[in-house]
Amino acid sequence: MALGLSLGRCRKTRELLPWYANGTLAGAELAEVERHLRRCRRCHAEVEELQKLQAGVAQALEELRPAEGLLEQTMALIEAEVGLEIDALPRAERRELKRLNFGLFVLGFSLGVAYERGRLPFEAELSALGLPLARFKGRI
Amino acid sequence: MGDGEHERGLIAQIAAGDREAWGRLFQAYAARIYRYALTLIRDRSLAEEVVQETMLAIWKSARTYASGAQPSTWILGIARHKALDKLRREWQSTQAQAEQAEPDSEIEPEREVAQQLLGERVRAALAKLPAEHRETVVLAFYHGLSYREIAELMGCPEGTVKSRMFYAKERLRALLELEEE
Numbered sequence: 001m002a003l004g005l006s007l008g009r010c011r012k013t014r015e016l017l018p019w020y021a022n023g024t025l026a027g028a029e030l031a032e033v034e035r036h037l038r039r040c041r042r043c044h045a046e047v048e049e050l051q052k053l054q055a056g057v058a059q060a061l062e063e064l065r066p067a068e069g070l071l072e073q074t075m076a077l078i079e080a081e082v083g084l085e086i087d088a089l090p091r092a093e094r095r096e097l098k099r100l101n102f103g104l105f106v107l108g109f110s111l112g113v114a115y116e117r118g119r120l121p122f123e124a125e126l127s128a129l130g131l132p133l134a135r136f137k138g139r140i
Numbered sequence: 001m002g003d004g005e006h007e008r009g010l011i012a013q014i015a016a017g018d019r020e021a022w023g024r025l026f027q028a029y030a031a032r033i034y035r036y037a038l039t040l041i042r043d044r045s046l047a048e049e050v051v052q053e054t055m056l057a058i059w060k061s062a063r064t065y066a067s068g069a070q071p072s073t074w075i076l077g078i079a080r081h082k083a084l085d086k087l088r089r090e091w092q093s094t095q096a097q098a099e100q101a102e103p104d105s106e107i108e109p110e111r112e113v114a115q116q117l118l119g120e121r122v123r124a125a126l127a128k129l130p131a132e133h134r135e136t137v138v139l140a141f142y143h144g145l146s147y148r149e150i151a152e153l154m155g156c157p158e159g160t161v162k163s164r165m166f167y168a169k170e171r172l173r174a175l176l177e178l179e180e181e
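These protein sequences, in sequence, are chains A and B. Residue 1 is where the first sequence starts when you use my numbering, and the numbers rise one by one after that. Residue 1 is where the second sequence starts when you use my numbering, and the numbers rise one by one after that.
Here chain B stands alone, though its shape is the one from the complex (with noise of 0.2 Å):
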C-alpha cells in the first residue's frame, strides 16, 4: 500500500504539533486500524476504542517513530498491542461469562452460507480459523503486507508467517468451495 512517503511527512508534522497532520492521518488510518481490531478482538465498540487508543498514542509517541520503518507496519503493530491489551483484560474480566456469550454477529453467523453475499460468506469463514492464522490472512490480504512485516509485528518467524499462511489458505478455500473443479 504504497512506500508510506506520505505517512512518514505526516507523522513528522505531528511530531511537530501539527493537529491537522494528524486528522489526515486519521482520515488515512481509522477504518483500516478498525478492521484490523475487528478481526483481533471481534467486538465492535471495542474496535472502536481501539481506533481511539491508537491515534492517540500517535499523537503522544509521534516523536519516537523511527522514519526507516514502514509507517502502516508501526501503526498496525501500536494497534496490535492495544488490542490485544484490551483483548487480555476483557478475558480476564468476564471469563466466568464468556463461554455461555453469544457469538458476534458480525463476525460469526450462523445463517447458511450459501445463502449469503460473498463479505458475509468470508467474514464467516475468516472467524473460523485460529486467530493467528484469521491475523495473518488479513494483514495479507488486506493490509498488503509481505511475510517480512507481518513476522515483524507479530513478532513470529517469517517461516510460520508462511506455515500460518499455507493452513489459513487450505482452510479458507475449504470453507468457500473455491475449488471449482
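One chain only, chain A, in its complex shape (with noise of 0.2 Å):
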C-alpha cells in the first residue's frame, strides 16, 4: 500500500521534472516537487539524467548558426517594405503626400535663393508682394 502510494507521488512528480530541470515550475508544483525530491533518490536521479541531457540539447542547437549577412539581408528587405507601404497608401494619401514634398521643395528652393542673395528682399518679389519700393530705398 505504501509502496502503491510511493510509486504514485513518483509517477505524478516525474512529469513535472523535466520542468523543474528547466527552471520554469512555481509555486505549488515546485514545492510539491522540492518535498517529494528530498525524500525520493530515484527521482533526484532523474533530475540529474534530465540536466545532463538539457545540456545536450543546448550544446546540440548552439552549434548550429545562421548565416553571416543575415541581419543586412533582412534589414534590406524591412527598406523595401517601408518603400512598398509609400506605395501602398490611398491614391488621395499619395497625392497629398506629393503636395508636401513639392511644397517643401519650393520652401527649400526659394531659402536657397534667398541665402544666395544676401537674404534682401529684391524689387521684383516686393512689387509681386505689393509693398512700396520706398520703404527698401537705400537697401537693396
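FYI, nobody ran anything at the bench for these hints, they're computed from the structure.
To give an idea of the chain B side of the interface with chain A (calculated C-beta under 7 Å), a few residues:
(1) A30
(2) Q52
(3) M55
(4) G144
Below, a list of computed lysine-lysine pairs in the DSSO-like style, where the Cα atoms sit at most 30 Å apart:
(5) A:K52 x B:K162
(6) A:K12 x B:K162
(7) A:K52 x B:K128
(8) B:K128 x B:K86
(9) B:K86 x B:K162
(10) A:K12 x B:K128
(11) B:K60 x B:K86
(12) B:K128 x B:K162
(13) A:K52 x A:K12
Computed from a prediction, not measured in an experiment: that's the story for all the values here. Note that beta-carbon positions come from the ideal geometry of N, C-alpha and C, so glycine has one too.
Combine the two chains into a complex, taking the hints into account.
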C-alpha cells in the first residue's frame, strides 16, 4: 500500500521534472516537487539525468548558426517593405504626400535663393507682394 | 529566459518605428528563431528564410503585440507559423521527390554514433523523434519554456505536452544511452 502510494507520487512528480530541470516550475508545483525530491533518490537521479540531457540539447543547438549577413539582408527587406508601405497608401494620401513634398521643395528652393542673394528682398518680389519700394530705398 | 521586460520595451520601440530597436531584437533572437525553425523544418536555407520572415512580421505587427504575453512565446509563435507554412508549401510542391531525397546531413547523420561529438549525437537522436516530441524537447530544454507556454504555442492541452515530453525523454534516453547503470 505504502509502495503503491510512493509510486503514485513518483509518477505525478516525474511528469513535472523536465520543467523542474529547466527552472520554469513555480508555486505549489515547485514546492511539491522539492518536497518529493528530498525523500526520493530515484527522482533525484532522474533530475540529474534531465539536466545532462538539457545541457546536451543546448549544446547541440548552439552549434547551429545562421549565415553571416542575415541581419543586413533582412534589414534590406525591411527597407523595401517601408518603400512598399508608401506605395501602398491610398491615391489621395499619396497625392497629399507628393503635394507636401513639392511644397517643401519650393520652400527649400526659395530659402536657397534668398540666402544666395544676401537674404534681402528684391524689386520684383516686393512688387509682386504689393510692398512700396520706397520703404526699402537705399537698402536694396 | 528572463521575464521579458527588456524585449517588451524593444517591441514597443519597434511599434513606434525604431529600426535600431528592431536590430537589437534581431541580434537577440535571430539565432534562437533559426534553431527553432531548424527543429521544425530541418533545412538551413529554409530556416534562414523563416528568420527573415519572422523578423519582418515583427516589424510589421509590433503594434498588435499584447504586452501581457511573454515576448519569447509571441516571437516563437510567429516563427512556428512561418515555419509550418513553409513546410506545408514545400511538402506540396516536392511531395513526389521527397520520398527519395537524401536526409539533411546536418540533422540526420548516419555515421557511427559512438564516434560523434555530443552535439552531433544529440542532434541525431532528436532527428529520430516524432516532430511534436522533438519540438517539445527543444522548446523546454533550449528555449526554456514552461509546459503552459509550450501548450499555448503548440495549441494543445498541457497534459499532451507532458506526455510528449515523457515519451521523448524515454526515447532520447535509449538513443543516447544516458542510463549509466
